[in-house]
Structure formats: C-alpha cells, structure tokens
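A.B. asks: If you're matching positions, the sequence shown starts at 1 in the numbering used here and goes up one per residue.
None of these hints come from the bench; they were simulated from the model. Where is the CB? At the ideal position from N, CA and C, for every residue including glycine. Incorrect hints may have been included.
Unchecked claim - Across the chosen pairs, the derived CB separations fall in these ranges:
#1 R536 with T502: 26 to 32 Å
#2 R737 with R694: 28 to 34 Å
#3 E540 with A605: 24 to 30 Å
#4 S671 with D518: 37 to 43 Å
#5 R543 with E690: 22 to 28 Å
#6 A744 with R229: 52 to 58 Å
#7 R737 with D521: 23 to 29 Å
#8 R548 with S515: 25 to 31 Å
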Amino acid sequence: MPRSVLLRLAPVHRDGLALVLSSALTSGVGLLYWVLAARLFPPDVLGINQVAISTMMFLGGIAQLNMTYALLRFVPVAGWAARRVVLGGYVVGAGMAALVGAGFALGARVWAPQLVDEFGPGRLLLFFVVATPLWSIFVIQDYVLTGIRRATVVPGENFVFSLLKILLLLVATVLVVPGGIAVSWAVATALIVVPINVWMLLRAVPQFGRNSAVSFEPVTVSAIARFVRADYAGGVFWQAALFGIPLLVLARLGAGAAAAYAVVWTITQSLYLVASGMSQSMVAHSAGDLDGLDGARRAMVRRAMVLVAPASVVLAVGAPLILSLFGRHYADYGSGALRWTALSAIPNVVTASTVGAARVRRRMGVLFGVPAGISVMVIVLSWELMPVLGITAVGISWLTAQVLMALGILVATAPWLPPGLRTGVDRVRTKALLRRVRPFAAADTRRDGWVMGERLGGGSDTVVVACGPDGGIGGALLKASDSTLGRTHLRRQTDVLRALHTDTRLGAWRRLVPSVLDDGDAGGSYAVIESRLAGRGGGEALRDPARRRRFRSSAVSVISELHRCTATPAVVGDEELRLWVAEPMAQVVRALPRGRRAEAERLAAILTEQLRGRVVSTAWTHGDYTADNVLTAPDGRVVAIVDWCQAQQRGLAVLDVVSFLLTSERELLGSELGAVVLEHLADIRSADNELLARAQRMLGGSVLDVRLLTLLGWLAHVAQNMAKSPSFAANPVWVRRNLVAVVAGALPVLDEQVTAGV
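With the sequences and hints as input, model every part of the structure.
C.D. replies: Encoded structure:
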C-alpha cells in the first residue's frame, strides 16, 4: 500500500495498517532470507544458528522489562517529557539486555552446549553481549515510533533491515564467517538501530512532545513500574513461548527438527504480527480515550480477521507446497506443525485485542493472565507431546491454547449468558473491579476512619459497595464501573445529581436525592462516592399488602412534586419527537428480527402523528422510576430516590408515573413488561386513567390518551434497558416477549382507535 494512501486514512487505522504492511514486507523478505539460508547451509547448521537468534531475541525481550508497551502506553501522553521517557526506557532495556545476554553466554556450557560447540565460548559471549541489547533497542524503537504517530516509518525501516540481512548473509557465506546466519542478523540490526535513533531522538520525539503538550499527563517512575510489573510478568511467559520453544525443540528433538520449526514459526509469525501491529496502534491511539476503546477493539478485531482468517486457511491447506520451497527436509518435518500454528493465528486475534485493551485500561490481571495462560499451555503440551508427534505437537499446542483462551474471553465478555454461567462470570469480574477501585475509596474515606463494607449490588462491569464508620451504615456508597457503557452511565448520574442539588427550584425536595462526595478515575475504571440515604428498597413495600397502597400513593406524590417544581409547557416538535419516539424506537428496531422492523417503524409513525403539536408539560424526570429505585420508611412512605443515570432535565413529566405503574404491576404479577403493556392496551383501567389524567392536569397542557402514554412508557423503558446493558437485546426470549409481542399487539389496537376516531 503506498505511503500516500496510508496518510489519508484515520490515524488509528493508518498506523495499524502501516504496522501490518511492515509485517508483510518483513515476512516476505524474511522468508526469502530463510529460503536462502536453508539452501546455503545444512539443516543442522541452520537449526543451531536459528536457536542462537531465537535465544537472543528471547533474552532481549525479557531483559528490557517490557519497555516496549510501557513506552507505547506513556509516551503518547508524556508531552515535553517524551524524549526523557524514551531515553530512560532505552537505558533500562539495553542495560538489562547486555547483562542477561552475558549471563546466558557465560553459562551456556551448562544449558546450551550445542551453541558453545558451534560458535566457541568467546564468540558466543561477544554475540550475546552485543546483539542482545541491540535487539532490545530495535524492538523498542518500533513501539516508540507507533507511540509518536510515526508508524508509517516502520515498514520502510523493517524492509531495509530485511534486505540488509540477505546481503550480509551472502557476504558471510562468501567469506565463510563462522556463525554467519547469526552474525548477519546482528550486524543488520546495528546498521538500522543507529541512524533511526539519531533521527528519532534528535528530531521526531521532541517534535511530538511539543505538539502533544496540551494532552500532557504526568508520567512517574512509580506509574511506569506499576504498569510494567504485571505486563512484564505476562510478557516473560509470552517471550518464552515465542522464542524459547526452539530451545525445547533442540533439546527434545535435535538440530534438524529445530531448523524445521524455525521455518514454520517464521511463516506463522507473519500472521501473529498482523494482530500485534493493529493492537499496538489501538493502544497508542486509545491511551487518552478510554471511552472509545471498546469500539476501537471491535474495529481492530474485524480488520485483523479480514486479513488473518483467509491467510491462515491458505497456509493450512498449502503447507507442504509452501515448505517445499525451503527443501524436502522442511516439508517432511514441518507440514503438520505449519497447519496447526497457522490456524492458531485466528483465535490469536481475539487474545491479542484483549491484551491490547487491557494495556490501555491497566488491567494487570488480564495483562498477566492471558499471555501467561497461553504460554504455559503451549510449553507444557509441547514438551509432553513432542516425543510422540514431533514438532507437529507444538502446532497442536498453539492452536489448543489459543482456542481455549479465546473461548474464555468470549464467554467473559458475552452480552448474554445463561443465568448460572452469568453469575459465576459476574462474581469474578466484580471482585477484580472492586480490587482496582479500593485504593480510590481508601484515599477518600481514610481521613474519617471509614472502612469498606458489604457489596450491595452491581453486575459484571459495575459494583456498589457500602463504606462508612461501621462498614457503610450511615456512611456512603462507592459505585464503580469499568466498561465504556457503565462509565458513561455513572458519569451521567454524577452530573445529574450535581445539577439537581444546584437547582434552587427544588428547595427541600433535594434531600430525597443522594449527593456526590467525590468522583474520579481509578485503575482504568470510573468511581464515585455518594451519600448513602436511609431507607429500605421500595420492592419490599410494594409486595407487602399492608403497605402497598400507601407506598404507591407516596411514590406518585413524591415524583409529581419534582415535576411540579420544574414544569415547563412545550409544544411537541421535532426535538421532542426525536427524544421520545425516534431514538428509542431506533434501538427497538435494531433489536427486532428483520421481518418485524417495518411494523415497529409504522408504530413509530403512529405515535409521532398522535404526539406532534400537542401541548405537554416537560420537567426534570427520573427516567427509570420503578419500585427498585426508591427507598422507603418502615410505613411505606418514600424517603429517597436513587439511580438517576436516565434522568432528563426536559423529559415528558407524566412518563415517570406511567413507568412506575407498569413496572409495579409487572413486579406484582411476576410477568414480563410486554404482557403488562398488552393487557393495559386491551383494557383501559379507570383508576390508572384517572390518575394519569390528574397528573397531567396538575401540570397544565394536553391530557394524552392512556394508550399513547402506555406505549410511550413501554418504549422509554425498554430502550433504557437496552442502553444500560447489551444483554437485553442479545436475549432472544426477552426480545420476543417485550419487543416483538408489543409491536405486533399494539398496531391492531391503534388501528382500531384511528378507525373509531378516538
């Protein structure tokens, strides 16, 4: 793809495709390099040299303490300090790599005697002391280039590196240089590292720092250390699987098998690099945009799958033919391994995107658990199965590990799961979320001697915990969420609560609403501490026949007072119709089967026609006014209203009452909302009709038909449910009972109403 085309793309896609292009160029020329090496050197010699190179890359990877992703995460937000952060990463990475390389070479007589026999102790020491830190810098610099939005440089740099390796391989062959394959690799690395870093450190990084200073975020050694700790641990396991397996193959099966596996993995790695490159771009561009991360991750998976899936199938089918280019030895020994490893690149897209998103959110458990889990499975299975299956065992191990981990990720992030499985997944996720936000709560509450109490609620991506002098009694509530949707709703509620408490029209009514004590980001999650109001959940009073009547009367009276204090008359026009009909119905349409969507659109047209031009009362509305969202005194009186994330400052006031009546009946009957709505449409109850008419007359404006209000209340409620959680739209039973049934049942009622002229 021409560089001019890349520059016209959106930055995140441009950089991702640039890294994919780099992988393609490197892999293509790299295959030519290994074809030449396979033709110029015997398999045993190639195998030993490849093990030396893989070991050097492995040591360089683990020794640099995962500075790659640390710099990728922090350089984009370092501002003026960008060059200092990069130099610090280089010093740590290269220094540790030199020490580790020297340590390995000095002890090679014990753990890799074949390398000592091939190179000699002196040359082996020189190779690892020089090549390992050079390789560390070479790897780190690509991540820095991505972080400073210069990923389009990477394809050219890696293409030149690949050509240099081929040229130096030919020179080493002509001059009969001992260990010529490994030497060509090391010298080519040096010839790339020096000029790229002179340009980058003197010009590119300082320029980026100046341009990005407005989005500066303090970068401290402790912040980098916390990030690196878990990421590095997982990275060590991952590096062991990528570059340590050749050592296991050499020890288990010999140099010839190691040579065959080297070629197999070189081909397969080109597919793994597609997901890796796109993940790097996602991390760099999402570091300052947590709310856009979920969308960026989904886009990354789609684009990577388009490239990886067909290529994996081609490699799996054509493995013998492709490997025959290297020689018969490689086709005979490596075809089975290539088939399985190539297919493993497909689930790797899922696991790589998950790890990339975890880097942005600083999810340390995921950063360690996913790569470590895959690597342990690959290493253990390979070691056990190689004596029976040869290097095909390694391919089977890669596919097995990637599939199992990807399945686990898909289950953990599925929008809907069976209740039993959902409970277990929710428990694990909420424990992890609470662990991440606990320091935020402690920092706020420690001054008053408060402690964390019991967990009171939440789902898979949210948590609500009491905190106070006695574990939350009379104290506050900590609420936190780590999903994009959950954070958005929680931030929205925080804004609403602050707005309500500053609205002087409400006067003493504000005592019914929690107040915000503190809020902020915590470990990649959003957390807020609210005052904890006294009272019991309204559901108890609703289900108690002795208190039910007083509870219902109090609930309607309290919310009506909010409407009275803030009521404003409005003529229903395009803006109101967009908020009350078009947008919520669009969510319903997306969730419906295709065959039912036209009916929903027709229903929306009828509602629009009946509403347009009517004079109605708008006011502060709760938006999700149900028995579960109010607190009561022992006698059933409402003393507090909670969960304000769906509130609107100019909502249709009467819909709060409609929502309360519908959801209360659903709770008492134990049925779905759809069934209650259909019953109300078929049988207009005089008591409800009178109550809704009185509520509208009290505020002024038109008295809307009870059927119209019932459908508007249903529409608002189901749309809010789907907005709060994707599990509703993903549940076919819920969709059938609450969407399909109402859309199909409402149209005949409304048509009859129109025919009758009502």
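A.B. asks: Run every hint past the structure and note whether it holds.
C.D. replies: Do the hints match the structure? See the list:
1. R536 with T502: 26 to 32 Å: Cβ of R536 to Cβ of T502: about 29 Å, so the range 26 to 32 Å holds.
2. R737 with R694: 28 to 34 Å: holds, 31 Å
3. E540 with A605: 24 to 30 Å: violated, 42 Å
4. S671 with D518: 37 to 43 Å: holds, 41 Å
5. R543 with E690: 22 to 28 Å: holds, 24 Å
6. A744 with R229: 52 to 58 Å: Once the Cβ atoms are compared, 56 Å apart, the range 52 to 58 Å for R229 and A744 holds.
7. R737 with D521: 23 to 29 Å: violated, 38 Å
8. R548 with S515: 25 to 31 Å: holds, 30 Å
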